[in-house]
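Here are the chains, one letter per residue:
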Amino acid sequence: MDERTRAYLRGRFRDYYRRSDVSLPPDAEAREWGYIPWTAGPGTTMARHNALLDLGDFADFLTRERPQHVYFSVGRYDDPGADSMAEKGWRGSDLVFDLDADHLPSVALGEDSYATMLRKCKDALGRLLSFLEDDFGFCDLETVFSGGRGYHVHVRDPGVRGLDRAGRREIVDYVRGTGLQFEALVSGEAVAGTAGRKSPARKRTFDTTGGWSARAHRHLLDFVDDLLVMEEGEALERLRSFEGIGEGRSEAILRGARENYAELEAGNVDIHPAVFGLARRLAGEVVEIDGAPIDEPVTTDTNRLIRLPESLHGGSGLAVRRIARDELDGFDPLVDAIPETFRGQEIAIDVTDPGLVELGGDSFIIEAGKQVVLEYLGVFLMARGRAEKERER
Amino acid sequence: MATGLRPLHARYPYFERSREAVREADVSLVAAARDEAVAERALARVETVLTEGTVGEPERGTRTELLSYPIARVLVSLVDQPVLVHRYARAEAEAARERFVADLGRRELKSAPGNRLTLEGLLEEFDLDGAVRGTGRAETSEADTERGDGYEMGVSSYLSLAADRRGEEWRLVNRRLAKGWVALSREDVLALLGEAVRQRVASGLPLSVPAEIEAPLEEAVATIEERLAETNLIRDIDTVVPELFPPCMKYLLDQVQKGEHLEHHSRFAITAFLSNIGMETDDIVELYMVNPGFGEEITRYQTDHIRGVSSPTEYSTPACATMQSYGDCVNMDDRCERISHPMGYYEDALEDADDADLTDWRARESEAEAKTEAEAGE
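Protein sequences appear in the order of chains S and W.
Residues are numbered in the working numbering as their position in the first sequence, beginning at 1, plus a constant of 34.
Residues are numbered in the working numbering as their position in the second sequence, beginning at 1, plus a constant of 87.
If you are wondering where the hints come from, they were derived from the structure by calculation, not from laboratory data.
The structure displayed is predicted, hence computed values, not measured ones.
Ideal placement from N, C-alpha and C gives every residue a C-beta, glycine not left out.
There's no promise every hint is true.
Footprint (simulated), chain S over chain W, 3 or more residues, beta carbon under 8 Å [unchecked claim]:
| id | stretch |
| --- | --- |
| 1 | 242–252 |
| 2 | 264–278 |
| 3 | 402–416 |
Chain S on its own, in the form it takes in the complex (with noise of 0.2 Å):
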């Protein structure tokens, strides 16, 4: 990046700040504060260790010093500015999760564009969502568009701020199904009467009212759903593709599956054994379907620094969006997170890695060189290293 190019962002950057009321985080002032500033050459040096005394006002701070990029921790603290752990004194900390596109299984790195990646992203997102919602019952959730390659979601329940990494870890295991085992998923219960079995007859259930288990049972009659809609020999087809199941377990699936439905989808599994084998080769696959695949050290790191909500990422130009629960399913992270104050306007810029930019709900085809481009689009380029500032004529 040129002296041009990074002398045009700060200034924009200020701009952007000059206009935006960036609110501050609950308990701001015993949080620790970092920040990447402009500068040249390789290397980027974080600020760090800062309380928030340290940058004076703080709308004054952004303006002043428009930072490449803003973090504050997850941890509370006596003493935040100390200069090490050990001394600032740890109350607390936020649950936050952070959902990256590079880490995602079902992104193809190289492959996909970046709309595509953010998409996979926001579907992980939603199943995040289900398990700190639904699972865990937290209320008091903040869910932002990182403005690079994903989401965070900071949790302040305050009972979570004391927890510690190994329970923070058996949270971030919960929510990525790690070590989830299938006897788990099912309870057994004896069955009155001995249903002429020497043994008493066991009636194996999944829970249908929430957990693994019942994403496991969701799961189980999906697929069910699908074979009975289907013609009689394509269904037959499709059990004997698992593994281990035969012609007479293939019949015998299809056939409890039509005439004890109800019972299955009670949750019973223990229709028959081979309606039970099958659960439980689906259950194999419900972590892949269902988990979210959070990226672990952002979540057991009680001192990490995360970035500011409504601060702009320096790698992007796009701002760090905070998404109201009811808006998520219509967000648009490349229409949305496009600050106002870089729409309306063209300038001029020199690309230097042309190619395909989804941004502003449109496409673009960029050639290499210099031209004259909307705003947003400009500082995105420029911002990601894909252009450089061009003098405007």
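Model the placement of chain W on the given structure of chain S, informed by the hints.
Frame of chain S; chain W shown alone:
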């Protein structure tokens, strides 16, 4: 016997009302430390932890038994070894759990009047009365016990009590969790109350002990120190014993030392692991240096970054699931089946190896150095 001291206090000396009773009885710690019977039982409490893993048989006298607890804590503090604190708290917790089971009776759940132990009272004692609730299925069949039914605990409380417990059944992912409540059986609740005892016993240890209390206990402290030396327990997670590393880390370290090229994620994994078990950058560089062709500069840079010296965070070792997805999970053994994290494997292995004769790699190095220097001096 002082009037306020009741058998229940002696049986559960860490309860708030037991501490209260001791305060009211107006016995000073100095007096208790000088009381031979009390000091003897206090010593037994700690010594039996090292020999048998229990706190030993209770003394019949209520006063002696009750006062032996604060003095036992003083003894543990004077010896001042993390492993002793850990072991002692665990033994007190296990004794507590057994007593809970015995004292609460089998299916007796309703609150009893007077001074008896009740589940409600226990939950209140540990501020869990709002965090645990019955599901209305508490008094039904054995099958419910198997289902993990009967009670529910708020997930935050559950995590603060269960996260350090070993065993797959305590992993949150294998529990029923809905709307913030974790399903538990009665046995689970009692086990977690045991954990609450462990945390309470360990909290504040080691205490700073005034000299006048220390003086009469010198002999007892010496006895415990001797026992401790015999049992070779003084080791913790900060110990570097490559033989006990999980297979994945052994393999990666081996590759580094052979000078094989490692992919970024593999190098990250081994370096994060070594740094998480307490190794400094210099140590890690030294361990890698067995291979003459390794790049010291880059290792130093990466290690500092991972350790959080030159970056905003200290990174943690990837979990087994991550190791697997990167193909770094190799040579799984039995222990791997029981854990989900390389750190868990190592903690577990260290714990199991307590009685074996293992030396910290760094100590070995300095021993070897000392030897070399001695030889050079000849």
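Note to self: Taking beta carbons only, do three or more residues of the stretch 242–252 of chain W come closer than 8 Å to chain S?
What the structure shows: holds (count 8)
Next item on the list: Quick one: see if chain S covers the stretch 264–278 of chain W, three-plus residues with Cβ-Cβ under 8 Å.
Entry: holds (count 5)
Next item on the list: Can you take a look at whether the stretch 402–416 of chain W is actually covered by chain S? Rule is 3+ residues, C-beta closer than 8 Å.
Entry: Coverage by chain S holds for the stretch 402–416 of chain W (8 residues, Cβ < 8 Å).
The structure meets every hint from the earlier list without exception.
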